[in-house]
Each structure stands twice: as structure tokens, then as C-alpha cells.
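Construct all of the structure, not just a fragment, from the sequences and the given hints.
2 protein chains.
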Amino acid sequence: MTDIARTARPTMKDVAARAGVGLKTVSRVVNEEPGVTDDTIARVQAAIDALGFRRNDSARLLRKGRTASIGLVLEDLADPFYAPLSRAVEDLARAHSTLLFTGSSAENAEREQELTLAFCARRVDGLVIVPASDDHRYLEPEIAAGVATVFVDRPAGGIDADVVLSDNAGGTRDGVAHLIAHGHRRIGFIADQPHIHTAAQRLRGYREAMAAAGLPVHDGWISSGPTTPEHVRAELERMLSGPEPVTALFAGNNRITVTAVRVLANRPAHPVALVGFDDFELADLLRPAITVVAQDPGELGRTAARLLFRRLDGSAGPPSRVELPCRLIARGSGEIAPAA
Amino acid sequence: MTDIARTARPTMKDVAARAGVGLKTVSRVVNEEPGVTDDTIARVQAAIDALGFRRNDSARLLRKGRTASIGLVLEDLADPFYAPLSRAVEDLARAHSTLLFTGSSAENAEREQELTLAFCARRVDGLVIVPASDDHRYLEPEIAAGVATVFVDRPAGGIDADVVLSDNAGGTRDGVAHLIAHGHRRIGFIADQPHIHTAAQRLRGYREAMAAAGLPVHDGWISSGPTTPEHVRAELERMLSGPEPVTALFAGNNRITVTAVRVLANRPAHPVALVGFDDFELADLLRPAITVVAQDPGELGRTAARLLFRRLDGSAGPPSRVELPCRLIARGSGEIAPAA
DNA sequence: TTGAAAGCGGTACCAC
DNA sequence: GTGGTACCGCTTTCAA
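So the sequence lines, in the order shown, correspond to chains A and B. Each residue of the first sequence is one higher than the one before, counting from 45 in our numbering. Each residue of the second sequence is one higher than the one before, counting from 45 in our numbering.
Honestly, the hints are just simulated from the structure, not real lab data. Hints may contain errors.
One copy or two, it doesn't matter: identical chains are merged, so the pair holds either way.
In silico DSSO-like pairs for lysine-lysine, Cα to Cα no more than 30 Å straight-line [what the hints assert, rightly or not]:
| no. | residue 1 | residue 2 |
| --- | --- | --- |
| 1 | K68 | K108 |
| 2 | K57 | K108 |
| 3 | K57 | K68 |
Following this line, the structure appears as C-alpha cells:
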């Protein structure tokens, strides 16, 4: 048989042996360090090519101390909302010659921790985390050991760290005020689970907008729970029935908005105004087109990554907290007048 | 000043010193290997806790030979089409206690290679690649060295490797046949750039369906080029004008479909049938709802990852080629009768 | 200009 | 049971 077993990767040692030089000389050539004769370079390079040598960066970085990699912990890799965020982080990572570990927490605190600590065990230089947990004290030793950490979309729990958020309360306030300005007084609000920070902030914005307009808020107008289509549908139908149904709905995130659109599409005789938090593709193509309060997930990611690499470049100073504004985009569904 | 500098991470050596045991014993405790007294375990554990020690997996894996990580190279992390694919790969990786490096090639062959080789330099155990390049011979040494490699969505170029594809030609054939069955004879086809494998396959499917029905294909009915909204819009408008305009359109991917929907929405007086390749969210909520030929990106990723981990588990044998069927989903836009 | 030896932080093997 | 020592593949230090 031929040497099929010659599958083992050549190391610098192998290259050195073949080129008839010392190990360190190979290292110098590979890293393009000065102080090697052209002649030697050529001999080493020939050995490298012949053997198909490629430097083992894991070994290299172990020695160097930095791993040139960062970890990105998302709620769900497959959630379109986070796609531009990941992409923005990736772009900055690339610009800094840094590789990206990614993973989804699935909105599960344990998984978040497991994933984050796995990244730390690989000694990532930094972390960008969309928190699923509300207690990040488990990260204290890591941060103390020098792992730059930035939280995005939701704040960290129990520790003081860099964080980049959207102005969830302000955005919701604007969206609800928009409905009020169009004549609505009974406005429903369907939110994500209350333990999720953004959901809580949006609920706060809703209450503030109603209060600012001197409008009462009935318990029945508010729903927060799982964002499954079934639950959202049931809640919305409940709000739309009874003697004093809501005439408008504020949907707490894009999944809720989409479900609401489906429900409302089935009752064209009774138009209900709708404003949703988070923009989504094709919102403008629906009839009516959907008015939304849009965050900028790409900017969220970009800002977080910038903060991270600034820390990695040695920036000290206290943790910073950045809050990005939201933008109301009127498209039609939020400008429907109340039925009565 | 207090010892702020005590930021250095403790190593097993430190733990050993503090616990008054040998290095190897610490290793045993950390890895829960048998053969250590409960008493010793307790002493070591105490030292671990006191020091906040956490094993350096990079060092560990360097020694072990495997890195327990794989690389995923996509065309674009932010493309919603690939989101379920990534998620599926991630899920399997997690099930195999493997970490995931991700990156986007941006449809650029050089970037694909750069990224892939960077992953290889980190000695990933395997790779899942959505090819942007059509020449993957640069991977030969890596594959020979044992990096399990699976290509998804598009075939590899110049090398024989595992690959998972959708039946692009077959799916398109079905979609075009569907339009033909509804009475259309002049059917336009707007595709992505012809050097992209999937685009070429879909074009083939279109031609086959037309030929099977004995229908001619005029050059003017086919367009392939950039999928920018401007270009797609111009091409579609061209096809819809003139003495013998097309009465139906097959859109070669979801971006093209969406642009087509926008264009067609502006000319409600002249309904044109539309079938698009790739399903997309809210396709059912548009009016008319959009008939599509759907791939299953999640299944694409799952199949690829399964193949990968099977290889990693030692499965030998020649490269396999899996082709997943597409599914026609009739929703309305594809069932519009020809104008004439 | 070049290379030997120590070390990065662990694991493997083999004595004690 | 426990620990010494070589070693994973590379970089660093320093002497030749």
C-alpha cells in the first residue's frame, strides 16, 4: 500500500528537518520576520510547499496569549431580527482579523451561560452577548481576567458592563402616541413575556403614553405571555370582543405583529389600527402597509462591536451605556381611524 | 493600590501548588477521572474555587488533537434564507459538544478561501461550506489532513466531496409546468447571475419545462444578471412591454420575487402570474398570495451537519451527494390565468 | 543570520 | 492513589 497514512499534518519541525534548518528559522520565514537570508528563505519555502505545511494558529495563539477570536451569543441565530446584528459584528471582527464563534441561547439562561463559558474556556478575547439570563455574575471572573464583554439589546444582570440598547420605552411611547393622535383611546398592547427586559420597557412606554394623554388603561387591554400564534390570536380576539373593544393595537415585537396581521386580515369589516415594534421585510407590501417602530439591529451590532474592539485595543474607563433611538415609520395600518 | 494586576488567569499549576498536590492530580479532578481520594478531590476543588480556575480548552484541545469546533462558511450571515440552515448546523454542533465558527463569504471567492483557510489554521475538525468559489482545490491538503468537509446549497468545484443540494432544476421545472398548466405560453424567467450554480440549474429547469410542453423560448424572456431591484425592475418591465408580452413570470430567487411583487403591484389592471423560487415569510399574506417553489433550508443544514458528524465519527466511504426535493406551494399568484 | 532551550496550559504514559 | 516527565505546535529569549 502507498502511504495513505501520510495524513498527519506537517509541523514546523518537519519543515525544519526537510529544509535542513532550525525550527526557529522556519518560524521566522512563516511569520515574515526579518533577518533571514534570501537563500534560506527559499529553501524553507520550498520545504513548506513540498510538505503542504500550514501554521497551526491554535498553537500559535496559545503561546501568544490572545486567541484573535470573539464569541457572539444570540437569542436565536435564525431570528431575522438578529441577522443584521450578527453581520455587523462579523464585519468588524473581520476588520480586526478576528474569528467569530456564534451560538444561540434559545432564550434560555442555562444555555446562555453554558455557551458563554464554553467560549471563555476557549479563551476568546471578547464577548458580545444578547442576554437571555438576568444574572451575569457568573461572568465576573472572566471579565476580571480580561475578557472584554459587551451586552446588546438587553442589559446585563448583576454586573456593570458595557451595554448597547434601543430606546424601547421611547419608541413604544412614540408608537402609542401616534395611535392616540389618530383618535384612538382604547388601545390594546400585546407584549412578549414580562421577564424579558425589552418587553418590560415597551410596556412601560405604553403606560407612559397613555398616561401622558390622560387615558385610562384597562387590564384587559394588556397581554403579555408567550408569543405563540395561538396565544396572541386568542388574546387579540378577546380584546376585540366585548362591549368596549380596543380600536387599535400596539404589537410588542415582529412575531406578534405578524400574527396580528393574520388575525386582522380575517375581519376586514372591522378595521383595527395596528402599530408594531420592529420593522420587517415586506411590511410595506401588505394592505394596509404596516406602521412600525423600527430599531436598527445592524447599528446595534456595529455599536456593540465597536465598543468591544475599543476595549480590546486597551480603552479603559467605566462601562458605557449606549441607547439608540427608534424610528416611527408610518405606512397605513397605524393611521386607521377608530371604528366608532 | 490593591493587586489589580492579579488579573492573570490561574492555571492547573497554580491550583496544584495551592492544593499541595501534583499537576496531574488537578487534571484528574478537573476531568473527573477516577482514582482520586474524596479527600484529595475536596482539597483540589477548594483550590479551584478559591482561585476561580477554569480549564483552558484551547490548550487542552491542542494536546488532544481535536478542537471540537467546526467552521460554517455562508454566503451572508444576514440572509434570511440561510438562517434556518445555520441554526440547524448549530443544533447538531451543540449535540456533539462542538463549537461553531461562522463567517460570510459575501459571494466572493477570495473571501471564502480566506475564511475557510483561517478556520483550517485554527484546526477546526470540520467545515460546512456554502460555496462562493467554483474552485475548491485549495482545500485538498486540508481534506487530506482529515478536515471533514461538506458543501451545501451548491456543489464544490474541482474536488470530490460530500454535498447537499436542493433539486433546483426539478423544482423550477415543476413551477414552470404549473404556469403552463394554467394556460401560459409566454413565460418570463428572471434569474440570478449565471455563474451561480443554483441559478444555472434553475434556468435549465425552465428550459426543460418549456421544451417538455413544446413551447418556444424567446431570448427576450430570459434575464440573468445582478439581482438589484433596479435591474430586475427594468428587465421585468421590458418583458411586459412590446407586442407579445409575457403573461407569467418565474422569479429565480426570493429577492427577485419580492421585487417582482413590487413591480406587479403597480399595474393591477394587467394581472401577471408569478411563481417564485424560495419561500419567504408573509408570502401568504400578500394579495395575491405568492405561489412558490420552496426549498427547506433547515433540512439542507441538518442533512449537511449530519453528514459532517458522521464523517467525524469515522464514517469512511466515497463522498455522497444528497439532493433534497423542492415543494410547490400554490397560493394564488401562480394560478392567475393569462390575460389574453 | 541562526538555532537551542524554555515555556504557553494542558494531557498521556509510566513509574512510585 | 499520586506525581514526574515528555509532549501537542508554536513563540520567546538568548547565546553562538
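For the identical chains here, do K68 and K108 meet the 30 Å Cα criterion within one copy, between copies, both, or neither?
Intra 15 Å, inter 24 Å, cutoff 30 Å: intra and inter.
Go through the copies and call it for K57 and K108: within, between, both or neither, with a Cα cutoff of 30 Å.
both (19 Å within a copy, 19 Å between copies)
Are the CA atoms of K57 and K68 at most 30 Å apart within a copy, between copies, both, or neither?
Answer is both; intra-copy 9 Å and inter-copy 27 Å each pass.
Checked against the numbered hints given earlier, this structure breaks none of them.
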